[in-house]
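S.K.: Chain by chain, the residues:
There are 4 protein chains.
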Amino acid sequence: MLTTTRLDRDDAAVLVDGAREKSVEMGIPMSIAVTDPAGHLILFEQMDGAKVSSIQTAIDKAWTGATARKGTHVYNQLCVPGEPTFGIHNTNSGRFSIIGGGLPVEVDGEVVGGIGISSGTAIQDLEVAEAAVEHFLKVQANQH
Amino acid sequence: MLTTTRLDRDDAAVLVDGAREKSVEMGIPMSIAVTDPAGHLILFEQMDGAKVSSIQTAIDKAWTGATARKGTHVYNQLCVPGEPTFGIHNTNSGRFSIIGGGLPVEVDGEVVGGIGISSGTAIQDLEVAEAAVEHFLKVQANQH
Amino acid sequence: MLTTTRLDRDDAAVLVDGAREKSVEMGIPMSIAVTDPAGHLILFEQMDGAKVSSIQTAIDKAWTGATARKGTHVYNQLCVPGEPTFGIHNTNSGRFSIIGGGLPVEVDGEVVGGIGISSGTAIQDLEVAEAAVEHFLKVQANQH
Amino acid sequence: MLTTTRLDRDDAAVLVDGAREKSVEMGIPMSIAVTDPAGHLILFEQMDGAKVSSIQTAIDKAWTGATARKGTHVYNQLCVPGEPTFGIHNTNSGRFSIIGGGLPVEVDGEVVGGIGISSGTAIQDLEVAEAAVEHFLKVQANQH
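Residue numbers (this note's numbering), protein chains in the order written: chain A, 1 to 144; chain B, 1 to 144; chain C, 1 to 144; chain D, 1 to 144.
Any given hint could be a false lead.
Identical copies look the same in the list; a pair holds intra-copy or inter-copy alike.
Below are the SDA-like pairs computed for lysine to any residue, each with C-alpha atoms no more than 25 Å apart in a straight line [to be verified]: (1) LYS70 x GLY39; (2) LYS70 x GLY87; (3) LYS70 x ASP48; (4) LYS70 x VAL107; (5) LYS70 x ILE123; (6) LYS138 x ASN92; (7) LYS138 x ARG6; (8) LYS51 x THR85; (9) LYS51 x VAL133; (10) LYS51 x ARG95; (11) LYS138 x ASP8; (12) LYS70 x LEU137; (13) LYS70 x GLU106; (14) LYS138 x HIS89.
Worth flagging that the hints you see were computed from the coordinates, not collected in a lab.
Generate the whole structure from the sequences, applying the supplied hints.
M.R.: In structure tokens form, the structure reads like this:
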């Protein structure tokens, strides 16, 4: 049997709070998604003013971060024609995101969930995702 | 041009709070989704212990409440073999939910969004959705 | 080789006009779709106030009327558990509509297109579709 | 609560008229789609002779212009292997169009809808979309 550790609802809320705070600071309303390690959605928030096209994208980025256990921006660099990983953006019925802004959330070297951010540029989305994970790890550290 | 009114993020959070409170009271962890009148997700929360199968269902119930402007339990009663509305559960690529727990959210006679609850029985889901809308309307009334 | 006859853009507009006129008379804003005999969309109109959930449904009803060459209400009566046609609403990736409001458009015994109406009850939708076809045939008769 | 403004049916018809007029002038029959800011179809027209493959493409271009709030040709230039935005054409179940011919429709700096044109080259499609928006803004200006 396998025992897995995953974000609970309150952990996910810490991630969303961290993402929202950074988004407000940057002045870019974002869609924010957090999943468990199986890729299932725990929390989602569309900030007022986020693009409609960012909703599904944020969810897919979080799914990819959690299930592929790498940042979506990493796949962006690998998924180039002629390179062995090219085509990965088409897998899983197209929900495998290769646009920056999706990250695995890791605790003690184990992936416990994923976060996905969308509505800015890929670089802005990644910046917000990183700030959210950093915020989460800080809160985690303080709780122990 | 048409002018429409929709729930903002904070309005949606009031609905989620109302739903969560009722779910806790009933002892049934739920998936809770809130959309705008166009059916686009504003907030989603999977309470700890909610069924994985309830995630998409809650989102689809909120979509149906918002876009079809009726409770999903109403369609459940209409969607009976041999009756004219049978088959509606297959429309819109199957996302049209006919299981109780999806409601339109109305303010001054206008649909401003939808809420969807899933993880209990259809009757429990509807009870939570109704409590959420009631809580929202109470908060709205106090704000004016 | 096969030669087929289909509605052109202006024929489709006559059908949409007939549908809109009837909808206005009934006081129910509808989604109106017209396809060619291959099921491909020629014209679509979402009247102000039609339900968001009616957009895809109207298109699917027109597709079904055109390609299955029967009214969708006919399939509604055939698609009953235990009867041989039960399950047809699941075919073609679920776009086969069995809710009244989809009709083939026939000229000289040949199907030249389909019309689909949605946003009212199945019975109202069918009433509008029939009025549209009647209007079209009257205009056709006057042109010859 | 948020208040949003969107194209009504008659506004959408002005856009379709502008697009059709330009298409006739260029001698290229087009598929023309207009959506609201949520990406939902208001009007669609397949001009006689437009390609079957252009129907869904026009609808997807309008959806993208409206919901991503940028021209699809802008994404075409950003979506290049090795660049951060590569992969965006796969998002939203593949309906995110990166082929020129999709534009947001803006009034007073607010996106009130989207237009999508397809059946010519990407450059011709964009030319028609731009002419349609220009025509719409001229009519809008005359009404006020």
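S.K.: Each hint should be assessed against the structure and marked as holding or not.
M.R.: For each hint, the structure was consulted:
1. LYS70 x GLY39: So LYS70 and GLY39 pass the 25 Å test inside a copy (13 Å) and across (22 Å) alike.
2. LYS70 x GLY87: Classified as both: same-chain Cα gap 16 Å, cross-chain 16 Å, threshold 25 Å.
3. LYS70 x ASP48: Between copies, since 18 Å is at most 25 Å while 29 Å is not.
4. LYS70 x VAL107: Only inside one copy: LYS70 and VAL107 sit 14 Å apart there, 32 Å across copies, limit 25 Å.
5. LYS70 x ILE123: For LYS70 and ILE123, both the intra-copy (16 Å) and inter-copy (18 Å) Cα distances are at most 25 Å.
6. LYS138 x ASN92: For LYS138 and ASN92, neither the intra-copy (33 Å) nor the inter-copy (33 Å) Cα distance is at most 25 Å.
7. LYS138 x ARG6: within (17 Å within a copy, 29 Å between copies)
8. LYS51 x THR85: between (29 Å within a copy, 16 Å between copies)
9. LYS51 x VAL133: This pair counts as both: shortest intra-copy Cα distance 23 Å, inter-copy 21 Å.
10. LYS51 x ARG95: Both ways: LYS51 and ARG95 sit 18 Å apart in one copy and 15 Å across, limit 25 Å.
11. LYS138 x ASP8: For LYS138 and ASP8, the Cα distance is within 25 Å only inside one copy (17 Å; across copies 30 Å).
12. LYS70 x LEU137: Answer is within: at 17 Å inside a copy they meet the 25 Å cutoff, but 36 Å across does not.
13. LYS70 x GLU106: within (10 Å within a copy, 32 Å between copies)
14. LYS138 x HIS89: Neither. Shortest intra-copy (32 Å) and inter-copy (36 Å) distances fail the 25 Å Cα cut-off.
The earlier numbered hints that this structure contradicts are 6, 14.
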